[in-house]
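Trainee: The primary structure of each chain is shown beneath.
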Amino acid sequence: QKEVEQNSGPLSVPEGAIASLNCTYSDRVSQSFFWYRQYSGKSPELIMSIYSNGDKEDGRFTAQLNKASQYVSLLIRDSQPSDSATYLCAVTPGNSGYALNFGKGTSLLVTP
Amino acid sequence: SQTIHQWPATLVQPVGSPLSLECTVEGTSNPNLYWYRQAAGRGLQLLFYSVGIGQISSEVPQNLSASRPQDRQFILSSKKLLLSDSGFYLCAWTKGGAGGSNQPQHFGDGTRLSIL
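Heads up: the sequence lines are chains Z and U, in that order.
Okay, so the first sequence: first residue is 1 according to the numbering used here, each after it adds one.
Okay, so the second sequence: first residue is 1001 according to the numbering used here, each after it adds one.
Mixed in with the good hints there might be a few duds.
With a straight-line Cα cutoff of 20 Å, these simulated EDC-like cross-link-like pairs (lysine to aspartate or glutamate) come out [as the list claims (entries may be wrong)]:
| no. | chain 1 | residue 1 | chain 2 | residue 2 |
| --- | --- | --- | --- | --- |
| 1 | Z | Lys104 | U | Asp1071 |
| 2 | Z | Lys56 | Z | Asp78 |
| 3 | Z | Lys67 | Z | Glu15 |
| 4 | U | Lys1095 | Z | Glu45 |
| 5 | Z | Lys2 | U | Glu1059 |
| 6 | U | Lys1080 | U | Glu1026 |
| 7 | U | Lys1079 | U | Glu1022 |
| 8 | U | Lys1095 | U | Asp1109 |
| 9 | Z | Lys104 | U | Glu1026 |
| 10 | Z | Lys67 | Z | Glu57 |
| 11 | U | Lys1080 | U | Glu1022 |
| 12 | Z | Lys42 | Z | Asp83 |
| 13 | Z | Lys104 | Z | Glu57 |
| 14 | Z | Lys42 | U | Asp1085 |
| 15 | Z | Lys42 | U | Glu1059 |
| 16 | Z | Lys42 | U | Glu1022 |
| 17 | Z | Lys104 | Z | Asp55 |
| 18 | Z | Lys67 | Z | Asp78 |
Examples of chain Z residues lying across from chain U (beta carbon under 7 Å, computed) [to be verified]:
| no. | residue |
| --- | --- |
| 19 | Gln31 |
| 20 | Phe34 |
| 21 | Arg37 |
| 22 | Tyr39 |
| 23 | Ser40 |
| 24 | Ile47 |
| 25 | Tyr71 |
| 26 | Ser82 |
| 27 | Ser84 |
| 28 | Gly94 |
| 29 | Ala99 |
Just so you know, these hints were derived from the structure itself, not from any lab.
Cβ coordinates follow ideal geometry from the N, Cα and C atoms, glycine included.
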């Protein structure tokens, strides 16, 4: 069973701070990594994709990947109350399977 | 651009009744299609996926079934619903073919199913 682990939270940060969300995965040959945001009662929405080691920035979001440590993170700068949601980490299976392996998500609460 | 449609948005059904949820994708051909269930406060549970018409892979044995009668249509069914079938049902698609396995999945808006 390939695992994707995330702290369930809630992670509480004040408005304007940096939120740091972490994810570890067990499948060493995974190649693609995604972050989804899921608001309460809504479906998951893709916010970041990362395929190679290092950082990838998109607006206030930065995804970081370290394949040697099997670790993916998402940084949200200048956090806003509208960022309050559950963030899901997803990893492609390394055995050419067809379905992503999802973590259970980290709940983020940004307080005004 | 690609879009995914899922209906109905909410559904209340009695125990023992049948179920049919439908999902369609527009703007792409031969997508990989997925059905997930998310119980309240829980993670995503993959139920079925399909890489082509008539091809269904089941991830969890249960009283649900899936069918793919057309390239961009995916249906989730049950003959007799159980209380434990309550949850948020999500359809998703990804690009098909050899490159699909490294692509992100895109989700529909979901169906919230309550069993009474």
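Trainee: Going by Cβ atoms only, is arginine 37 (chain Z) closer than 7 Å to chain U?
Mentor: Arginine 37 (chain Z) check fails; min Cβ-Cβ to chain U is 11 Å, beyond 7 Å.
Trainee: Holds or violated: lysine 42 (chain Z) with aspartate 1085 (chain U), Cα cutoff 20 Å?
Mentor: holds, 19 Å
Trainee: Hey, does the glutamine 31 (chain Z) contact hint survive, CB to chain U under 7 Å?
Mentor: With a minimum Cβ separation of about 5 Å from chain U (threshold 7 Å), the hint on glutamine 31 (chain Z) holds.
Trainee: Within 20 Å, alpha carbon to alpha carbon, are lysine 104 (chain Z) and glutamate 1026 (chain U)?
Mentor: Measuring from Cα to Cα gives roughly 29 Å; hence the hint is violated.
Trainee: Less than 7 Å between beta-carbons is the criterion; does isoleucine 47 (chain Z) satisfy it with respect to chain U?
Mentor: With Cβ-Cβ at 10 Å, over 7 Å, it is violated.
Trainee: Do the alpha carbons of lysine 104 (chain Z) and glutamate 57 (chain Z) lie within 20 Å of each other, as the hint requires?
Mentor: violated, 24 Å
Trainee: Under the criterion that the straight-line Cα-Cα distance not exceed 20 Å, is the pair lysine 42 (chain Z), aspartate 83 (chain Z) satisfied?
Mentor: Cα-Cα ~14 Å, so holds.
Trainee: With the threshold set at 20 Å, check whether the alpha-carbon distance from lysine 67 (chain Z) to aspartate 78 (chain Z) stays at or below it.
Mentor: Roughly 27 Å between the alpha carbons, so the hint for lysine 67 (chain Z) and aspartate 78 (chain Z) is violated.
Trainee: Between the alpha carbons of lysine 67 (chain Z) and glutamate 15 (chain Z), is the straight-line distance 20 Å or under?
Mentor: violated, 31 Å
Trainee: Close enough to count: is the Cβ of serine 84 (chain Z) nearer than 7 Å to one in chain U?
Mentor: Result: violated, 16 Å to nearest chain U Cβ.
Trainee: Is lysine 1095 (chain U) within 20 Å of glutamate 45 (chain Z), Cα to Cα?
Mentor: holds, 16 Å
Trainee: Hey, lysine 42 (chain Z) versus glutamate 1022 (chain U), does the alpha-carbon distance stay inside 20 Å?
Mentor: Satisfied, since the Cα-Cα distance of roughly 18 Å is no more than 20 Å.
The earlier numbered hints that this structure contradicts are 1, 3, 6, 9, 13, 15, 17, 18, 21, 22, 23, 24, 25, 26, 27, 28.
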